[in-house]
Structures are given as structure tokens and as C-alpha cells.
Amino acid sequence: MVAVGFVLVFSVGGILNLAHGTFYMLGAYFTFIFYSLVFHSAKGSVLIFSLILAVLSVTALACLIFHFLLRRKIESLVYTMVITLALALFVSEIMSLIFGVSGTSVPSLIEGSVSISGIKIIKHQLIFLPITAIILPLLWLFLKRTKIGQSIDAVSQNRIGSLLMGVDVEKATLITSGLSAALAALAGALVAPVSSVVPEMWLFPLIKAFAIAILGGMGSLPGSIIASFLLGYAEVITSFLIDEQLTEMVSLAVIVFVLIFKPAGILGYKTS
Amino acid sequence: MGPLLEVKGISKSFGGLQALRDINFTVSAGERVGIIGPNGAGKTTLFNILSGFTPPNSGMVLLDGQNILGKKPYQIVNLGLTRTWQLVKPFSGMKVIEAVSVPTFSKRYKNIYPAHPQGLKGINQILEGIGLAEKIWEEVENLNHSELRLLDISRAMATNPRILLLDEPFSGLSPKETEKISRMIIDLNEEGLTLLIIEHRLKELMKLVQRVIVIHFGEKIAEGPPECIIQDPRVVEAYLGERITDLGLA
Amino acid sequence: MFSSSNQQEFWVIKHLEMKRILKNFFSRLQIYPLAGFVILAALGIYPALSGSVLHVEILLLAAIYAIFAMSWDILTGYTNEVNFGFAFFIGGAGYLSGACNVFLGWPPILSIPASAVAAGIAGILIGYLTLRLKGPYFAMATLAFAGILFKLAFILYKITGGEEGISGLQSLTAGPITDFYLVWIVMVGIYILLILYSRSKHGTILKAIRADEDVAQSSGINTAYYKIEAFALSGFLAGIGGALYAHAQMHIGPVMLSGSLSVIVVLLAMIGGMGTIVGPLLGGILLSFLNEALRIVEAYRIVIYTGLLIVFIYLAPQGLINLELIKQSPRLKRFFFGKEEVHGSSFRS
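Protein chains in written order, with numbering that gives the first Met the number 0: chain A, 0 to 271; chain B, 0 to 249; chain C, 0 to 348.
Same shape as in the complex, but just chain A:
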């Protein structure tokens, strides 16, 4: 059931589908979110408040970055990727400057652990599933029912086509970045207490999110949900059967295998 923790990563993956290119930012936000959370929670036990604050500030930052840095160049994929990854690096360096290389820790929302049928589970992790179960349907509703959501959908499928149909592509993309950042931030904040908080932490969640997105199929929210569960279980199994340290390799292996053996679904995705 430790796999449940990864369910959140997929909510990140879900949004990845919608805004190709933007997701590179998420790596950066993961780091940031943790630290701002720590920063704010130093004030005391107002943890939930800090969490919300952190998520909001990250989202705001994401929108700012999108607006100033990316808007002009978003068609050039190379540039987007490089700048967002460079930003991730930059933020991670800032973090190690402020908080030190070995990282800091964040207290859990609910302390202690619990034993369920012989397996020890940290209570904090139990929150993950319910939160996700709430957020995801909300997200789905947002995308399918609201006007903005539908425009995001349209843009993700065909950017130029949507433009021609009068959809406000820029606004949709802006909102998507904000949304994906928010979700990533939330994921990061929630996972913080049970995982290590170090400046390099942006790389692997990014890779995992990508693995989930391609496994589930870019552009498909339900696909990512299934994929993230699969990935989560795969990691747990690996950790039990083979070696605990290999868990992170699983997502890497997934990427490698999927991209190599199932390119058919991906070949159709051509960037211009």
C-alpha cells in the first residue's frame, strides 16, 4: 500500500498530457514547494495553512514564469525544454544555497504510524488516497464541463486548430500551466514529510511523471491514472523482491521500454 503514495504523482501526470512542454517546469516546482512549505511551517503547527500557502505561491510563480519567459517562444520546443530545465536547475541551486545540500525535513500532518494487517504504514500516507480521490474527479469535471476546461482540451489536441476556432489559446495554456504547477506543488507538499527533501529532488519525480504520462498515453487522463497505479505497484514489487534501491530505476526502465517497444502510439505525436 505504499504504492498509494504514488497516486499523487499521477495527478501530475494527468496534467502533463494537456500541456506538452510546460511539464518540464514541474520539476522545479517540486523542489520549491517543499522549501517554502518548510519556511512557512517554521512558524509553528499551522501546517495545513502552510501547505495551502505553498501551493498558491508556486502556482503564482508558474504563471509568472509562463507569462514572461515562455509565452513568446512556446512554439519552439527546444527552447522551452531548455529554459524550463535550466530553471529547475537554478531553483535547485538556490535551494541548496539557502537550506544546505543535505536538505531539511518537514513534519507530517499526522504523526505516527499504524499497523494494518502486519504492514506498518505511516499515517500521513493515508491522506493521499482520499485527497486524490477528491481532486481527480474535480479535475475531470473541470476539463469536461467548464468552458475553460474544454478549451484546454481542445488546445492539447490541436493547438493551431483551436486558434483558428477562436479559442483563447494563450489563456488556456496559462491556466494549464498554473493548474499543473498547482497539482505538482500539492503532490510535492504532501509527499514531503515522508520522503527526502533535498535540492536534487526535482529530477526523479519529473522522470516518473513522464513515465506515467507515456505509459498511460499522452492526452489521456484515465490512462495516467491506470499507469500511475501500475507504476506504483511495480515499484513496490521491485522493492520487495529485488532491492529497495532499485525502485527509482523502475520508472526509468518503464520509459526505456515503452518508448522502444510501443512507439506506435507515440509516432503520431509530431511537433512542428
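By construction, these hints were calculated from the structure, which means they are not laboratory data. Heads up, some of the hints might be wrong.
Stated by the list, open to error - Derived DSSO-like pairs (lysine-lysine); straight-line CA-CA distance at most 27 angstroms: (1) C/K133 / B/K106; (2) B/K71 / C/K200; (3) B/K109 / C/K200; (4) B/K71 / B/K7; (5) C/K200 / C/K133; (6) B/K71 / B/K109; (7) C/K200 / B/K106; (8) C/K200 / B/K70; (9) C/K18 / B/K71.
Stated by the list, open to error - A short list of chain B residues far from chain C (calculated; beta carbon distances all over 12 angstroms): (10) N77; (11) C227; (12) D231; (13) A237.
Glycine is no exception: its CB is placed at the ideal position from the N, C-alpha and C atoms.
We have chain A; now place chains B and C onto it with these hints.
Showing chains B and C alone in chain A's frame:
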């Protein structure tokens, strides 16, 4: 000696959509054959299959008796079948002369012209014939539409094909430019090049080809010389409609 | 049995011939960018003039980063598929060379080429595996490969020393100045190799693939082969750089496998100017100088450096040598790009 190109039982569906259904035809060496049909009828898909860019669901394609299905596009080019592209966008970021030199690096070029140098030195002949001689040092991006079309055809010719598949060569061209390319095609044909041409500009096409194949919703519905095709009731109903008078042949 | 006037004629003719040959040679040479020669020469001459060991060490690092940047460029600059996992080849070769040296006792003259070849082979493999990928998929796949190796460095800590890395590598030569010149020679060699490669049919084909791979295929080109070849070359050269670095520092650590290194190499090459070889050469060197210059604020150095890199790439997304002001000025353009072949001096029929 059998036909140069044999297409047998080619079918292709994309998901639920049947793009091509049991297409059969042959092309003999030296022929000029046209393919017409409404948009979305599957013509470009057919070209994609013949040139190796899309695999069919079933059927066979024989080039000079050899099955070319499953071969990669560049291998098919090296066997003598080359295609041009409907949406011309060849090699931006290079100069014209660089662009046309690319085919000289192929195996086929080396085999056919072992004495000719590859690269820039090897393509003078082609450029002279094509009429782009003054533009050879231009950046490809600066060419206009008809020049790009000529460029694509030169590029294709540089592969020294036995059969050339032209995908809508006249689209976007003025009558004068169309005339120019038409004449060039006929010259090439007289030198021995076999041609298979997809076109919508029926008037020009009908003057150009000896035989026409009509494809409608993925099926071949008629085949024959141009004069017969335009009178064929099935074709008229499916495609030509009021266009008969346009053609000036009826 | 020449009469003396015949002999004179003979030598006059020879002399004129020689002049013509030389003139031809130099005019052909002019198509190669002067800037490259200038930069390389400057780097080569400086240590002889300066003699400051500190400066020479800085130059050595700059040269190595230039090697990294140029090697990266030959793949990504010419195919437009961004390789984000470059640290794979750099650190991979570094660790391999270090391990062969420390554990197997191989001398650097053996371990460096061996690791570079291994990196090249890895390039072939990864090139093959990522063949059909485009855009972000390619980028993420390369990132993933580098990530795997990074993780492995920690998992196999018994061999790789984990966080600490491997120490005690044999140095390249007896002293820092000779170290530098060795690296300098390699850098010059790599530069020349890459310039020739990019101007050859390989470069033309890569550019064609970048423009439109389908059209390249329908010109009879086996695009897969050339893509893999570029990948292998890129990896091989990066491997040389990485192994050289390891022995110059006499230590190799996981930072040479990190995502940060990959991103920095990308930035160095892009800020210099992708797809030109000269650009990354310039970028690698200048930006390494910048990095050193920032040591006065050591505490903030990395942050400021990364920040500046982002600013630079934002201001000049195509790179420094692709700036409009250079492209507009014919002199500057010729300096950085070489004389353009407008009148077929290099091809008579």
C-alpha cells in the same frame, strides 16, 4: 518482361476507417498513369504505402517482380521508386544546391554514377535540366511555391528513379507554371521515366496521361484512357459531376 | 641537359604553380571560420606567455567544457533533437576510465581511449533505441538514461564510491601546464574533426534529416544510420572529454553524471550558438571564464552562474554567434562562419 509496378489487393484501415480496399493495378515501363478521386479517397495513403512510409493491412506491391512491402522508404528509393510530396517543405535551412545534393549520397546514386562525384559536384546535370540554375545558391526558405515544387522534383530526379510518383504536382501553381512542369514531365517520360501522378487539376492531367485510375472512398471504381473515364457514368456520378464541361474533352 | 635559360623557365613555372596551389589552398581554407582558429590559437599561446599555473588550470577546465559543448552540438545542433542526458557519456567514461586506472591499473593512455570507445558504443546503443523518438520524447528518454547511470553510481557504491566517487586517479602528465597542452591538442583535434564532419556529406545529411526526415528518406538516405552515427560520435567525443577531466582532476564523482551537468552543457552550447561548432567552442570557453570570475562571490557563485545562463539564453535564444548584429555585418559573419560558398569555388564540374 512483366510490368514495372504491380499493386495487388492493397487494403488499409486506420482504426475504424477503411482508407483503401482491395486496390489492384499495374503500371508498365514507360507509361504515364494518373490517379484521380475526391479528397480523402485514399490516394495519398496509396502513395505512402507504395513508397514505404505506411504499411498496408494486406496485399502486395511488386516493383519489377520484387516485393517491396516491408522495406524502408530509402530502400525502396534505392530500388528505383521515388515519390514527391504534396506539401512541399524540402530541406529548409539549407541552400538549394545543398538540398539537391542530398540524393547523391544514396546508394543508388553511387551505383548508377560511380564515376560522378557525390555532393555538390555531382548534380550539375540535374540542375541544368530543371531550370533552377540561377537560384542554386539561394536559401531554400526564400523560394516561392512553384520553385519549391521544382526543387522537390529535382530532388526526386536526383535519385534517378525508374518510376516517379508525383503527388499533386500542379497544386498551387499558375497555368504557366503548370504548363512548364507538364512539359518537363513529358520530356522525362520520353527519356524513359515511368510516371504515376495524383492530381486534382483534371484538365491538365487528362492531357498528360495515357491511362487514368479512379479511386473513390478507397476503392478503384474505374480505369482506362482519359476519354473513356470522363464519360464513365460511375465516375461522373462520384467525382466529376459538373466538372465535365471544365475538362473541355467531353 | 637543360640550357640555363630553360632551367630558369622551369623554376619560374614551378614557382607560379606553387603560388597557385597555395592560393587555392588558402581560398579553400577561408570557408572555415577564422574565429575558430583565433580562439584555439589564443588559448594555446596564453600559457606560454603567462606561466600562471592558476590561469592554466582555468584554461584547462574551459577547454574541457568546450569539448563537451562541441560534442553535444554535433548531435543536437544538427538534428534538432535535444540530448538532455549528456552527462551519461561524460560521467560514464570518466568513471570507466577511473575504475580501469585505479582498480585495474591501466595507465591513462589506455583507459582514456578505451572509455571513450565504450562511450561511443553506448552512443550507438542509445542512438538505436531512441531512433524513432522525437521532440520531448527524445529529450526525456536521454534524460532517463542519464538518470539510470546516476542512480547506478550510488547503488554500486562499492565500485563507484557512491557519493565520494573514485579518487586517486593517475594524472595525465607530469604537470599542470603539460596537462593543459595535452587537453589543448585534443580540443584542437576535436574541433577540426567536427568542422570537417559538419561540412561533409554527414553534416549535410544531418541537416536534411533535421529539416524533414521523411524527405531525406525519400532521397534514398538511410537516416537511421546517420542519426546513430552522429550519436556515437557525440558520445565518443564526450567520453574523451569526460575521461580527460577525470584524470586532470584525479577524481571522479557523481556530479559528472548529474542532470545539472547535462543541463549546463546544453546551455553552454546553446548560448554559444547551436549547430555551428564554433558557437559551442566559444560558449564553452567564455562561460567557463565567467564561472571562474564569479569565484569572488563563491558562496553565491553557482546560483548567480546558473541565473546568468538563463538570462543569456533568454536574451539570445539562438545563441551568441547567431545574433542579428553578427549576421548583418559581413565581416563579423565571415569571421565566425567562414566565407560563404557563393560562387562554386569548391566545385567545378
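Do the hints match the structure? See the list:
Restraint check for C/K133 and B/K106: the C-alpha separation of about 26 angstroms stays at or below 27 angstroms, so the hint holds. For the hint pairing B/K71 with C/K200, the CA-to-CA distance comes to about 21 angstroms; that is within 27 angstroms, so the pair holds. As the CA atoms of B/K109 and C/K200 are separated by approximately 13 angstroms, the hinted pair is consistent with the 27 angstroms bound. In summary, the hint linking B/K71 to B/K7 is supported, as the alpha carbons are separated by about 19 angstroms, within the 27 angstroms threshold.
For the suggested pair C/K200 and C/K133, the alpha carbons sit about 23 angstroms apart, so the restraint of at most 27 angstroms is met. With a C-alpha separation of about 19 angstroms, the suggested pair B/K71 and B/K109 falls inside the 27 angstroms cut-off, and the hint holds. Between the alpha carbons of C/K200 and B/K106 the distance comes to roughly 13 angstroms, so the proposed pair stays at or under 27 angstroms and holds. Distance restraint check for C/K200 and B/K70: the Cα-Cα separation of roughly 24 angstroms lies within the 27 angstroms cut-off, and the hinted pair is therefore satisfied.
Note on C/K18 and B/K71: the hinted pairing is violated, with a Cα-Cα distance of about 50 angstroms set against a maximum of 27 angstroms. Not every CB of chain C lies more than 12 angstroms from the CB of B/N77, the least distance being 5 angstroms, so the non-interface label is violated. With 12 angstroms as the threshold on Cβ separation, the claim that B/C227 sits away from chain C holds: the shortest Cβ distance comes to roughly 33 angstroms. Remark: the non-interface label on B/D231 is consistent with the geometry, its nearest Cβ contact in chain C lying 33 angstroms away (cut-off 12 angstroms).
For B/A237, the condition that its CB be more than 12 angstroms from all CB atoms of chain C holds, with the nearest at approximately 30 angstroms.
In summary, the numbered hints that this structure violates are 9, 10.
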